[in-house]
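Engineer: Please build the complete structure, drawing on both the sequences and the hints.
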Amino acid sequence: MSQTLEAPIETASPARRAIPIWLAIIAASLPMFMSTLDNLVMTNALPTIRLDLGASVEELQWFVNAYTLSFAAFILMAAALGDRFGRRTVFVAGILLFTVASVFSALSTEPWMLIAARAAQGLGGAAIMPLSLTLLVGSVSEKFRPLAIGVWGGISGLGVALGPLIGGAVVEGWNWEAIFWLNVPVGIVAVPLALLALPNTFGARLRADVAGLLLVGVGVLGLVYGIVRGNDAGWDSFEVIASLGLGAVLIAAFIAWENRTPTPLLPLRLFRDRSFSIANVIGLTFSFGVFGAIFILIQFLQIVQGYSPLEAGVMTMPWTLAPMVVAPLAGLIAPRVGTRLLIIVGLLLQATGLYWFAATMSATVTYPQMLPAFIFAGIGMGMVFAPLSTAVLATMKSADHAKASGTNATVREVGVALGIAVLTAIFVGAGGQLTPTDYVDAAIPAIAVGASALLLSAIIALALPSGRAGRTSPAETAPAPSI
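Quick note: the sequence shown uses our numbering, first residue 1130, plus one each step.
Because the hints were derived from the structure by calculation, they are not lab data. Any given hint could be a false lead.
[To be verified] Keeping only pairs whose Cα atoms sit at most 20 Å apart, straight-line, the calculated EDC-like set for lysine to aspartate or glutamate is:
#1 Lys1526 <-> Glu1271
#2 Lys1532 <-> Asp1402
#3 Lys1532 <-> Glu1387
#4 Lys1526 <-> Asp1402
[To be verified] Beta-carbon label-pair distances, calculated as ranges:
#5 Gly1183 <-> Trp1151: 40 to 48 Å
#6 Asp1570 <-> Gly1183: 21 to 29 Å
#7 Arg1389 <-> Asp1570: 30 to 38 Å
#8 Leu1180 <-> Ala1340: 36 to 44 Å
#9 Trp1241 <-> Leu1325: 35 to 43 Å
#10 Ser1581 <-> Ser1406: 16 to 24 Å
#11 Ala1385 <-> Thr1238: 40 to 48 Å
The beta-carbon is built from N, C-alpha and C at its ideal position, and this holds for glycine as well.
Structural biologist: Set out below in structure tokens:
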């Protein structure tokens, strides 16, 4: 039987109270920017890395999914460890691990080395994401808290938006290794900043749910591994059937364990809330469709159409940068029209964009022909991000906000991994290869499946509460960063 020991939150010293608010914002947001930037930076560099390391399409998936899966599996545990050992302590440890893993990523000369380093990066990122906002909120006065949260959300969103552009510029101007070397000076600066500007607060010191972590981590890994290996090993092979079966059994065991342990990694009681449950299903299908399609489309621009990494990054800017403008506007009008309406319209716009890609994709398609799809997808994504985060917390007690947000982030990351695995499996199963002549015909059905996932997500969103003014508090509408 575990013991619950409530540790007092560290009281800010006079010196700490004198820390300027802008310094606290930078200290919390800079590591967040670093970790969010690495998501789409990596995606845009995949064609170049493939040629340099001689990687297969299966290994390309693991370059992304190794990060995503370790991030998803560890994020809730990282928050719990922060409560027990000090949030700043775990936050700084995450920065250090992410920085060291970036060095090993840059030094990788074989695909397996990069996969292992990316998995370590994911562990570091999992400690950074949930704790950065918690530490920021605890280091500024209530008066300036909305401003600080808004700036934090904007900076984390900027990391996602600029990922393809910065990745393209770095890969084209230097080499793919440079996208990881860039993290090193950021990490070196971020550690002393965090120690100087952020308080080392504590939460409930609960026993760590290691069993739950292992069950869900290995379970999801088994499912993704089976999907990735399906085309090469054969869907009826022992390797694939055993992997999928083991994954399903472990996920079921995880649910059973979480239902009986006194200190669950994921409190299942949260799913009794309709808004929370439906919002998480939407988060899963949304991430599945969008990021699985991005994985296919980024490589289409470079492999088939011959654009450079920088050119591909510039071409996708209407998609990646639109949420920076649309998301704040969506947050302003959400109390009047309701989060449900915004989410449904946003998902439908994204589905329209992906169906447009599937209908027009060819080796000779021009950028003006693709531009409406990028715009639809970008506006739609901006309309979903903040309202979906609000829907997750809409009727949650304040004491459950951290677990609820962490759960939503975990579900979205699992959706990313499954989307990349499934859409790539469809691509390979349709005869797709990473060559200009054997790419398009197989990419079309894969992207169409991603669009269909978004359409399904819009249908599911009909079951959400309306989410008009009066259902949420301002504190509950803080934006959650995307992948």
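Engineer: All hints, please: hold or fail.
Structural biologist: Cross-check of the supplied hints:
1. Lys1526 <-> Glu1271: Cα-Cα ~19 Å, so holds.
2. Lys1532 <-> Asp1402: holds, 13 Å
3. Lys1532 <-> Glu1387: Holds, at roughly 13 Å.
4. Lys1526 <-> Asp1402: Measuring from Cα to Cα gives roughly 11 Å; hence the hint holds.
5. Gly1183 <-> Trp1151: 40 to 48 Å: Taking Cβ atoms as reference, glycine 1183 and tryptophan 1151 lie about 46 Å apart, which means the hint holds.
6. Asp1570 <-> Gly1183: 21 to 29 Å: holds, 25 Å
7. Arg1389 <-> Asp1570: 30 to 38 Å: Given a distance of about 50 Å, which is not inside 30 to 38 Å, the answer is violated.
8. Leu1180 <-> Ala1340: 36 to 44 Å: holds, 42 Å
9. Trp1241 <-> Leu1325: 35 to 43 Å: holds, 38 Å
10. Ser1581 <-> Ser1406: 16 to 24 Å: holds, 22 Å
11. Ala1385 <-> Thr1238: 40 to 48 Å: holds, 43 Å
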